[in-house]
Amino acid sequence: VLARSFRAHHPDIPFYVLLADEADGYFDPDLEPFQVIPFSNLAIPDGERFRFHYAQQPLSYAVTPFLLEQLLDRGFSRVIFFKQESLVLGDHSAVAELLEQHPIVMTPHLVAPPLDGPDRISRELNILQSGIFNVGLLGVAERDTARRFLRWWQDRVYAHCRHAVPEGMHYEQRWLDLVPAFFEGAHVLRDPAFNVAHWNLPERSIETHEGDVLVDGRPCRLFRFSGYDPDVPQAPTRYSTRLTWENLGPARDVFERYRRALEEEGYQETKQWPYAYGVFDNGVAIPDFVRRLYLQSGTAVERFGDPRRTGTPAPSGIDRPGASAAWMSDGPVKADTYYQWLNEPVEGSDGTITRLWHAVYLARTDLQETFPDVFGADGPGFVNWTVGFGTREHGFPDEFRNPPRA
Amino acid sequence: MTPFEASGPRVAVATIVTRNYLSFARVLALSLRAHHPHVRFLVVVAADPDTDWQLEGEPFEIVALDNLGIPHLRRVCFRCSRQELAVLVKPFLMRHLLDRGVSGAIFLDPDVLVVGDLTPLFVEVTHHAMVLTPHLLQPLEGEGRIARELNILRSGTFNAGFVGVSDVPASRYALAWWQDRLLADCTAAVERGVYYDQRWLDLMPILFDDVSVMRDAGCNIAYWNLPERHLQVSSGGIILVNGAPARFFHFSGFEPEHPKVPSKFSPWRWDGAFGQAAAIYNQYAEMLMAAGHDSTSRTKYGFDYFDNGAPISSQARDLYKALGATAADFGDPFQTNRPDSFYRWLSDNHPEAIEPSPSGTSPNTSAAKR
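Line order of the protein sequences matches chains S and R. Residues 1 to 406 (my numbering) are what the first sequence spells out, left to right. Residues 1001 to 1370 (my numbering) are what the second sequence spells out, left to right.
Straight line, CA to CA, 20 Å or less: simulated SDA-like cross-link-like pairs of lysine to any residue:
hint, chain 1, residue 1, chain 2, residue 2
1, R, 1264, R, 1285
2, R, 1321, S, 118
3, R, 1264, R, 1297
4, R, 1264, R, 1084
5, R, 1321, S, 121
6, S, 83, S, 14
7, R, 1264, R, 1294
8, R, 1321, R, 1351
9, R, 1321, S, 119
No lab work stands behind these hints, which were simulated from the structure alone.
Please model the entire structure based on the sequences and the hints provided.
The structure is reproduced here in structure tokens:
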């Protein structure tokens, strides 16, 4: 939908899509209205390890600076990034022109203080928690400053692209707060026609005339549908309850138009396609806790290479031809994959507690209080907890059950 | 003499202290005077004028706290901690300076030391609605790079130890907005997106017109950027940073009692890593001591006591805050002798929140006169 909306205004500018996934025969990239850049084309050091750091959504955020650099590497002098859930409604030549003067162009969430009212402060605090600038639109030009910016952003999101507000992190986005301080000439595009979205709709007056969308009386350039689910059309965004279908006003037409376009482009079918990087190579789902543990384990897990590799046969019911290896669990570290390492008995235990469940134990003070002697008298109680409550609370697949299988 | 002094655009510099920080204001005043003898320097002493002693013979002009137009001042002074009050006063002080007719107003934290020519700052301030200085000026390198940048993301891109405004509608609009936000929230609550007055500054460049980000390595030299600011002191005593003139240091978290510790907010210690910075910090400690730090640092904070001398516990402050708008019904919350006072309400409903008065204090004797 985004590609077609862009082409309607700029038919001669190539439109690329980074696939943070695999086509896996579900669609033919050659038939799409855009050029597909496969994940493997990105110059990401240890890309298979990086890919394991994040679940589906954060991974798609974290690859942004790598995609931008890839396009500069392909020889484009100016590159504009649009986030996926957007509709181009007008001409973007102004951004392209700004990129002749500036190495970086960013768009803020707000361009003026929110209207007076009891929620003015909570709305601003939301922005302070998630980042001053919105990555819905971001431009870079082929200049040394932009290259330095992208390399810096890549380094930061490589392992720090999480939702962790108390740590100063909000995915890839909060890092951009530092850009005006770090990079000379970074331009802030304070134009209400761009990045119209739930966080600024109360301040922007929307009119629709025969397909044209006006913002404060001027043509809208980019409309964003952050948190919008076409299957729940009465909620403009899942991120806020302030905005409802009832108080949406004329912007309803835009949401309805977007919903219809998504339906026409196969939303109902594509939403069911699996995410290739969401599972180990034996088909077992990768829990978020396992991703976090991998990130925190640093060099200790480097030697396993691609952490999705299991070296184990596919569990019954999951068809993964080609995956087979002996399962080893007796004795100290014998694992040659991360998956095996997780499922091995942790050093110090009597063999009934895996490294994964011990990591859960270390992450939770409530468990440490309930089962203080986890390698001794409290061991059986803890293992019992993992089998019942633990597995349910953490949503671990059955393959991670405790005690480890021999 | 620059045009900012005798004639032409007039710039005033100001700071806010509680009385235990008076020595810092004195040192700042003298350092500013050494480089800009004709620039006015004003100080708000965030203290209770009824109970705290009068100041005379200081090297600066005093601006009374109750002259700044802070709404419900007594209630605000009760509600805020010492540090919260000091930051909340800032936009009120800056508007007050504009109302006095200056064309540029600069706020400096009291723990700032002017070490060079500020003329480029005066120029920037009079040419823009607002001027801010970032904590860091370039991506960090080395082992601790990410942890140090995250620390800045938690506390704010810009350092609120320097804020400059000129008298234009955009800056008055921005100051009114900042006042409103600080009255609502000026605590340290990183998880909510608040860090005193400072994180609000992150929004200034996007919400208001003509906010300038001054990326000058000579400004706001402090523990958070020392590794990137290479310092040299010439034989004539001129301080250079990365080869250009240093303008002002910001000794955030520095305690002259512990001159070997650059900042209580940082684990760094002088170990030869920061060039001649240790000598500069040492010299600053000596200036503070010469300005009476030993005695001023011991003075009490008047807003920490009810008017009967009983200390205000943090629990009492929290209970008062939690009452929200209804707290207005108690009138002046420091007063204890009225039957409808907050103190009486506290004694009746939360006696555990009342700390005993220090011995020898009789009711209605102000704490600060002791």
